[in-house]
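S.K.: One-letter residues, chain by chain:
2 protein chains.
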Amino acid sequence: MTAPAQATLAVSTVIFALRSDAESDFKTLWLPLVRRTREPFLGQWALPGGGLPAGEELAMAAARTLRETTGLTPKYLEQLYTFGDPGRSPGGRVVSVVYWALVQSDEAAHAVVGDNVQWFPADRLPDLAFDHNRIVEYALWRLRTKVEYSRIAHAFLGETFTLAQLRDVHEAVLQKALDPANFRRTVESSGTVVDTGERVAGARHRPPRLYRYNDSVRAVALGPLGPSIG
Amino acid sequence: MTAPAQATLAVSTVIFALRSDAESDFKTLWLPLVRRTREPFLGQWALPGGGLPAGEELAMAAARTLRETTGLTPKYLEQLYTFGDPGRSPGGRVVSVVYWALVQSDEAAHAVVGDNVQWFPADRLPDLAFDHNRIVEYALWRLRTKVEYSRIAHAFLGETFTLAQLRDVHEAVLQKALDPANFRRTVESSGTVVDTGERVAGARHRPPRLYRYNDSVRAVALGPLGPSIG
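As given, the protein sequences belong to chains A and B, one line each in that order. The first sequence: position 195 = 195 (our numbering), numbered continuously. Count along the second sequence from 1, then add 1000; that gives the number in our numbering.
If you are wondering where the hints come from, they were derived from the structure by calculation, not from laboratory data. Any given hint might turn out to be false.
[As the list claims (entries may be wrong)] The following label-pair restraints were derived from C-beta to C-beta distances: (1) 105/A with 1020/B: 50 to 60 Å; (2) 60/A with 1060/B: 27 to 37 Å; (3) 1067/B with 85/A: 45 to 55 Å; (4) 1087/B with 204/A: 52 to 62 Å.
[Said to hold, decoys possible] Stretch-level coverage of chain B by chain A, calculated; a stretch enters the list once three of its residues show a Cβ under 8 Å from a Cβ in chain A: (5) 1029 to 1042; (6) 1054 to 1061.
Note that beta-carbon positions come from the ideal geometry of N, C-alpha and C, so glycine has one too.
Only chain A is shown next, with the shape it has when bound in the complex (with noise of 0.2 Å):
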C-alpha cells in the first residue's frame, strides 16, 4: 500500500434561498458567495469556507466559516459530497468537504451582504474560485432529484404553506413554469400533504388555504447522522 499524504482540508457551504428574479416570471434559486481576499483566485467569488482547525469537527467547521464569513446560521448543514482532485487548487492539494442547506427567506435575510458578500442567482454564477462552479451544478442537480422525493418545501417554506407557494419552489428547482391545475392535481393525489383547513392571514377574496407535510409519509432523513435537509 502506498503510504498516505498529507494533504490541506477545507470545508465549503451552498446555501440556497428562493428569491423573486426581476428577469423572470418565477422564483430563483439564490446562493451567497465570499469574494475571496488572498491567493489562490485572490479578488473571485467562491463559496463560503475555510481551513478545518485539527481539533474540529468537519460540521462544526463549515457552521463556523459559514457564520463567520456571512453572518448565516442555518438550522442544520447536510454534508453534500468531498471534492478531492488531485489539480482543483493550485499550489498544493486542497480536498474540500461540503455542505450545503436549504433556507428560509427570513434566514437568508440575516446574511451581512457588502463589498465582499453577495447573493447571485445560482443559474447566472460568475467564474468562481477552484471548483466551485462544479460544485455549485452537482447541488443543483441534486436540489432536482431530492424535490421529486422529498420534503424540500419545508425547508425553504417553513411548516405551513400555499400550494402556490409550493409550486414556486418547485418551479424554481426544476427551471421551469408548472402548470397550477395540473399541479394542485398531482400534489393532492400524491397524498404528501394535507389541508390545514386554516387559510392565508389577511388576503380579502378567496384567501388561499394553507397546506403542511403528511407526517404519516416517511421523509428522507439522514438516518443514524443526524437530521435532515429537506
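Keeping the supplied structure of chain A fixed, place chain B upon it in accordance with the hints.
M.R.: Same frame as chain A, but now just chain B:
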C-alpha cells in the same frame, strides 16, 4: 479565520453483496472486511481501504485499495460520506472519504478470501477498527431508504431478474419477509419494471418470468459527477 491544519486523508469502501444465509430463510447482505496488520487496531477487522497518495483522485484511490486488499473491481464506486470526527483514530486525525458499491454475486466471487480477508453478514459484524461499525450502519440505512426509489435490484442482480429475485433484494435490504402476492401487486402497479416476455431457461415446470427495469422511469443517478450505484 483559523489556519487550516494538515490531516491524514484515507479512503475506505463498503461493498455489499447478496448471499444466502444458513441462519435465516431469506438472503442477507454481506460485505468483505480486511484484518489489520498494523497499529492502531492491529488484528481487528476493518473496511478495505488505505491512505490517499498525493496525486491520486479519491475514487481511484478507493478502487485501487479495494483491488489490492480484496481483488474486487466493481464497475463503479459511488461516494457515500466523509467521516472526520477528530477522535475517530487514535494517534492523529484521519479523515476518511468512504465509497460504496453493490455487487452481483459473480463479481463478489472474484474476491480473494483468506486469513486476512473475509465476508461477514452486515447485521452480525464483530467490533471493527476505528468507527467502521458506524460507517456500515450508515451505509445500511442509506440502502434501506434507497431501495424505495431506485433501481437497486439492477446493481445486485443484473439486467433481467425474476420477481422472486427482486423480492430477495428487498427482503435483504429491509431485513424483513415480504408477502409474495403483495410484493408482486406493488411492483406491477408501480410501472418500474416490465415483463421481458422471456422466462428463466432450464426450469421444467412453469419457469418464472424475467423482468427488466422500465427505461422510461428515470433512475436516480449521480448526475454531473458520473454513474450511479443503483
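S.K.: All the hints need checking, so say for each whether the structure fits it.
M.R.: Results of checking the hints against the structure:
Remark: the range hint 50 to 60 Å for residue 105/A to residue 1020/B is upheld by a beta-carbon distance near 54 Å. Between residue 60/A and residue 1060/B the beta carbons are some 30 Å apart, a value that agrees with the proposed interval 27 to 37 Å. The hint said 45 to 55 Å for the Cβ distance between residue 1067/B and residue 85/A, and at roughly 21 Å that hint is violated. Restraint check, residue 1087/B to residue 204/A: a C-beta distance of roughly 59 Å satisfies the suggested window 52 to 62 Å.
Counting residues of the region 1029 to 1042 of chain B whose C-beta sits closer than 8 Å to any C-beta of chain A gives 0, which falls short of three, so the coverage hint is violated. Counting residues of the region 1054 to 1061 of chain B whose CB lies closer than 8 Å to any CB of chain A gives 5, which reaches the minimum of 3, so the coverage claim holds.
Taken one by one, the earlier hints fail for this structure at numbers 3 and 5, listed in ascending order.
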